[in-house]
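Between the sequences and the hints, there should be enough to build the whole structure, so can you do that?
Okay, so the sequence shown: first residue is 946 according to my numbering, each after it adds one.
Honestly, the hints are just simulated from the structure, not real lab data.
If you're wondering where the values come from, they're calculated on a predicted model, not measured in any experiment.
The C-beta atom is built at its ideal place from N, Cα and C for all residues, glycine as well.
Be aware that a few hints might be false.
Said to hold, decoys possible - Pair by pair, the computed Cβ-Cβ distance ranges are: (1) Arg1011 <-> Val976: 42 to 48 Å; (2) Ala987 <-> Ser967: 15 to 21 Å; (3) Ile1265 <-> Asp1336: 18 to 24 Å; (4) Glu1257 <-> Glu1007: 55 to 61 Å; (5) Gln1103 <-> Val976: 51 to 57 Å; (6) Ser1214 <-> Ser967: 28 to 34 Å; (7) Thr1206 <-> Gly1173: 16 to 22 Å.
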Amino acid sequence: MAFSLNPLVSAIEEPPISEAHSWLDGVSFTVEKPLIDLAQAAPGYPPEEGLRRFLATAVMEEATSRYTDIEGLPLLRQLLATDMSETYQGTVSPEQVLIAAGCNQSFYLTAMTLCQPGDAMLVVSPWYFNHRMTLDMLGVEPVALPARAVNGFVPDPQDARRLMTDRIKAILLISPNNPTGAVYPEQVLQEFADLAAEQGIALIVDETYRDFLAPEVSRPHGLIARSGWDSHLIHLYSFSKVYSMTGYRVGAVVADPVLITQIAKVMDSLAICAPRIGQLAAIYGLQNLHDWRAGNRRVMADRVAAFTAALEAVESGYEIQSIGAYFAFLRHPFEASSSVIAPALAREAGLLTLPDTMFGGAGTHLRVAFANVDGAEMPEVARRLRQFEQDHAGAR
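Below, the structure is given as structure tokens:
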């Protein structure tokens, strides 16, 4: 290649999911012992049948192939605003909503609008790798806010206060968390919101997995019920998981209308608009799939319980130190780093997980994404983990 690259991009590692799949090169699995993919956070069930039929009809409509407004289809913005107002028992208007091509893009749009090269953002560690990669590409420093196992991987607002500098333009949280599965308590979120307001910076809360909170949780939190919530809070959302349509790429930024206006400039340059077909799918979901959404919330809760029970039953050296929504954060029993354990576990045991080193961790944990694994498979997952531990007993 005869030309140079942007070092902010070339210095970034290979996308972690691609790296994980490369561990399987040259490895064959049998019908009796197939690969169990616990790496990528994607639902294992298809979109609801009515949604699929609706989309099959929608693609025949001429308008489906056209751009939408930069901020998204007005009906979708209205429906999401209404849904959020009901879910959070607060007030959200369509003017506070911008539709993006997935929640990753929602974060990219937000970070680019808030920060310039040389700025910093407070990011909970272990972090979601695409968030850190985005900040690195933009020349924004991710300042690690530690989330410790002793606290269930819930960050401490007082730690955040001690890390504050003039360069920090935002605090970034994910709840339920990726990679740990931790669900941040109401009081913790309120303290982070107070800190952001006090510091005059943004609090970005990525709630990609909020539709998979435990069924008994009545609302994710009360931040959006606070008066003037959009003066400091930026909410990021994804339709991909809740309606099982990761390939349609639909997410949202919900924030102050002034910020939405600025984000629209970035959106226009980056993608013009989110794909209309995905927006139509989200509209159908919000209008028709309330019960289906609630049913899948129960399915995920059952998988949390099934994985927990299965691992307890085999009496292994693995320890679930945090679990919720799509993820379990599993402390492994080996002296070797998770960056060594995860590839070996994939090749030898047919369990594809991600090492915590991909999330800025110390090599002590594995992320288990069980959303695409049926509850009935959890005992086999636990059995393979235990067998791998026995096979490598000398490495402990």
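Here is what the structure says about each hint:
| no. | hint | result |
| --- | --- | --- |
| 1 | Arg1011 <-> Val976: 42 to 48 Å | 46 Å, holds |
| 2 | Ala987 <-> Ser967: 15 to 21 Å | 18 Å, holds |
| 3 | Ile1265 <-> Asp1336: 18 to 24 Å | 21 Å, holds |
| 4 | Glu1257 <-> Glu1007: 55 to 61 Å | 56 Å, holds |
| 5 | Gln1103 <-> Val976: 51 to 57 Å | 53 Å, holds |
| 6 | Ser1214 <-> Ser967: 28 to 34 Å | 33 Å, holds |
| 7 | Thr1206 <-> Gly1173: 16 to 22 Å | 18 Å, holds |
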